[in-house]
Amino acid sequence: KAGVTQTPRYLIKTRGQQVTLSCSPISGHRSVSWYQQTPGQGLQFLFEYFSETQRNKGNFPGRFSGRQFSNSRSEMNVSTLELGDSALYLCASSDRTGNTGELFFGEGSRLTVL
Amino acid sequence: GNSVTQMEGPVTLSEEAFLTINCTYTATGYPSLFWYVQYPGEGLQLLLKATKADDKGSNKGFEATYRKETTSFHLEKGSVQVSDSAVYFCALSDVPDMRFGAGTRLTVKP
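Listed in order, the protein sequences are those of chains L and B.
Residue 1 is where the first sequence starts when you use this note's numbering, and the numbers rise one by one after that.
Residue 1 is where the second sequence starts when you use this note's numbering, and the numbers rise one by one after that.
Take the hints with a grain of salt, since some may be wrong.
Sample of chain L residues with no beta-carbon within 12 Å of chain B, all distances over it, derived [claimed, not checked]:
hint : residue
1    : Q37
2    : E75
3    : L81
4    : T112
Covered stretches of chain B, going by a simulated chain L footprint (3 or more residues, C-beta under 8 Å) [what the hints assert, rightly or not]:
hint : stretch
5    : 43-57
6    : 98-106
In case anyone wonders, no lab produced these hints; they're calculated from the structure.
Where a beta carbon is used, it is the ideal one built from N, C-alpha and C, also for glycine.
Let the hints inform the model, and build the full structure from the sequences given.
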């Protein structure tokens, strides 16, 4: 089974631009979660999508948004980029039908905002 | 609400030393507990898990026991290697809620 795939792996943007990150979950997984990881704040939950519906949302401004498609692939978008948005963005998928709630992570998209 | 508190790092050990990284949790239900590891430049990988009280998760020489009476899930390894240098995250899942600790950076020196 292929793992979680995130694209692009690395990208550089300037302040004010917007960015779209993509995540393909493990086949059969219908839940996709997004996390932001920074040295200062650690791992912070952004949002979770399940069957194209946002189920949970973390404490981030409205500039951070996401969506999920019918094939479970997900995208997240950050508009009007700020320097503080520089981070590793991690996507994780799960099947959500099991009791453990185990998450399977991709390798992340490293965003640098200049 | 649910939360996880793990030992702050960084932790520096010599090769073959004994490792303990403490993790305690607060949960209203009956969560599953996990340890994830993140190697430099990579995403998080599941290291081990335990789904109910008294379960012991183990993998690659690492172990952790789900202790309900002390609400703990401490990570241990008897003899660490340089290749174990990474950041370790304790996490709990009470579906749909998933909580991570702050992470503990481990450096193992030869």
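Here's how the hints hold up against the structure:
Interface exclusion of Q37 (chain L) from chain B breaks down, the closest Cβ pair being 9 Å apart, not more than 12 Å. Every CB of chain B lies more than 12 Å from the CB of E75 (chain L), the least distance being 17 Å, so the non-interface label holds. Look at L81 (chain L): its CB is around 22 Å from the nearest CB on chain B, clear of 12 Å, so calling it non-interface holds up. The Cβ of T112 (chain L) sits about 14 Å from the closest Cβ of chain B, beyond the 12 Å cut-off, so the non-interface label holds.
Using a Cβ-Cβ cut-off of 8 Å, 6 residues of the stretch 43-57 of chain B lie near chain L, which meets the minimum of three, so the contact claim holds. For a cut-off of 8 Å, the count of residues in the stretch 98-106 of chain B with a CB near a CB of chain L stands at 4, and the three-residue condition holds.
In summary, the structure is inconsistent with hint 1 from the numbered list given earlier, while agreeing with all the others.
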